[in-house]
Amino acid sequence: MELKVIAEAAGAPGGGCASSGCGAGGDKLAHLPEAIRAKINNHPCFSEDAHHHYARMHVAVAPACNIQCHYCNRKYDCSNESRPGVVSEVLTPDQAVKKVIAVAAAIPQMTVLGIAGPGDPLANPQRTLETFRQLSEKAPDIKLCVSTNGLALPELVDEICKHNIEHVTITINCVDPDVGAKIYPWIFWNNRRVTGRKAAEILIAQQQKGLEMLVARGVLVKVNSVLIPGVNAEHLKEVSRVVKAKGAFLHNVMPLIAEPEHGTFFGLMGQRGPTNDELSALQDACAGDMAMMRHCRQCRADAVGMLGEDRGDEFTLDKIAEQEVDYAAAMARRAEVHAAIEASRTAQRRQSSETFVSIASLTRRRPARPEPRPVLMAVASTGGGVINQHFGHAREFLVYEASANDVRFVGHRKVDLYCSGDETCGDGESVLAKTIRVLDGCEVVLCSRIGYEPWGQLEAAGIAPNGEHAMEPIEDAIAVVYREMGEAGLLEPAAGATQRMSA
Amino acid sequence: MAYKIIEGCVNCWACLPLCPSEAIRDALPHFTIDARACTECEGDFADPQCASICPIEGVILDSLGVPLNPPGSLTGIPPDRWAEIRTQIQAR
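So the protein lines, in turn, are chains Y and R.
The first sequence begins at 21 in the working numbering and counts up one residue at a time.
The second sequence begins at 5 in the working numbering and counts up one residue at a time.
Rather than coming from a laboratory, the hints here were simulated on the basis of the structure.
All values derive from a computational prediction rather than experimental measurement.
Note that CB positions come from ideal geometry on N, CA and C, so glycine has one too.
Wrong hints could be hidden among the right ones.
[Said to hold, decoys possible] Each pair of labels, with its calculated beta carbon distance range: (1) 75/R <-> 290/Y: 17 to 23 Å; (2) 69/R <-> 95/Y: 19 to 25 Å; (3) 29/R <-> 339/Y: 27 to 33 Å.
[As the list claims (entries may be wrong)] Sample of chain Y residues lacking proximity to chain R, with all beta carbon distances greater than 12 Å (derived): (4) 261; (5) 344; (6) 413; (7) 463; (8) 505; (9) 509.
Pulled out of the complex, with its shape left as it was, chain Y reads as follows (with noise of 0.2 Å):
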């Protein structure tokens, strides 16, 4: 079978991961109060870094919605997917606050739980704040959030604040009803369905007054965006500026995932999902108003586990249904694993600033030379930041863009975000000629191991496998790599190339 590279990306891409390059990093946020970059340190959502070194975890237990989004399907479940809405059991409150204490116990660098769907935990706030009372009294360790669409924020910030919540997220796709008319078809206000324009007029209204009443009272708000190419791409931009203006700190724009087999509208419609370089370009337009969230995985709605993987599995209610757990005794070594995690933090935080001297001064040596051109490179990692994954058990690479300046994260790019095919779904293309199809534009896939036949076949497909550098820090061995390839000549720039690359 002849394999080559694939010009279109596949797959809905992602916000990405890793680093010093990447959205949320400690940098970007630095102009944020101390008080409130204490709360996100150690938030794998919103810390962009704390996400290789903390775990989180979703529990749905408000199914119900009070609107439609074109791209939703409130039925879809299929546990060979990871996407946001998807989940296998929906759990009561008292369900919910057991596996999340079995959870904690097991895992102990989780430090957050999140009510995110599928529905809107805002539309059951019984189910939502009974779950959240319940944990802040026997968790009192773990970080509360919540995920809504804003309808019924209004009038119940001030339930939410007595929960001690710290962080909410508002999903706003745009400032504009004639936009939101085009992305949901209707709401249910005031004990009626309203829809078209008006809907979305009435949904944005609260969404605003929602984010301001929030910020008001001092909750850090995330702004999660869905990207809908030809619905609100460019319009996005103004989303970015005007929730930037009133007080969000961290804005997410997501791919719209949108395949006919979700059921969602926009899938059965036909509505494709951005390119990684739209993506990628949105991204870096709105990245000069705020800081951007890039290492977003688009979990599940019952996702455990660290970010970019998925440890449901091992916590269904059957298997927790007989543990008793010693949560005060569980707290104690979840407080030794974090104190050893953030030492081990600042650690990695004073080699990796040393590698950035050398690459920058890899320029200043050469300064009568064209720039070397920046080169895409595909990572294979489990977290911790270091390369560690067999390329065979990769379901995701994390991407960076090695350049004359920097090593910079720029997205994450899922191989097993559709159902991987062959063998259930029948759609014929091999799983790794799948993967091939992901890693279109990389030029080096850095991975701990890879076997005989990929080797070949990404070689084939114009890809350098390299597992030199397993184990080693993501960012040091990229630009290690970029300057051995600086050294085999390999970096000329093409002529009247100087755009820069993205994911």
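For chain Y, the structure is supplied; the task is to place chain R on it using the hints.
The following block gives chain R in isolation, referenced to the frame of chain Y:
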């Protein structure tokens, strides 16, 4: 007079807490309406609450068997315009 939920319901729970008569049951394979309890929201709300939040077209019927949310009513696209709209969206 009573409404009925039929096959196609996705058990999303949205209707259940809204029913002023507590007539909706979280049954399997899909939720059901207790015909003895359903008042069609008469006297409580101008619009029937279950039908006003249900996200699925055609799964709640009135006492004559007519869908309260007929095909096209929730997406805002009449069925015969689907093809046309589809072409438009695919071009984005």
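Status of each hint after checking the structure:
1. For residue 75/R paired with residue 290/Y, a C-beta distance near 19 Å keeps the hint of 17 to 23 Å intact.
2. With their beta carbons about 23 Å apart, residue 69/R and residue 95/Y fall inside the hinted range of 19 to 25 Å.
3. For residue 29/R and residue 339/Y, the hinted distance range of 27 to 33 Å is satisfied, since their beta carbons lie about 29 Å from each other.
4. With a cut of 12 Å on Cβ distances, residue 261/Y stays outside the contact zone with chain R, its closest approach being about 23 Å.
5. Every Cβ of chain R is farther than 12 Å from the Cβ of residue 344/Y; the closest lies at roughly 30 Å, confirming the non-interface assignment.
6. Separation of residue 413/Y from chain R is adequate, the least Cβ-Cβ distance of about 35 Å exceeding the 12 Å criterion.
7. Listed as outside the interface, residue 463/Y is consistent with that label: its C-beta sits roughly 31 Å from the nearest C-beta of chain R, beyond the 12 Å cut-off.
8. For residue 505/Y, the non-interface assignment is confirmed: its Cβ lies about 38 Å from the closest Cβ of chain R, beyond the 12 Å cut-off.
9. Look at residue 509/Y: its CB is around 42 Å from the nearest CB on chain R, clear of 12 Å, so calling it non-interface holds up.
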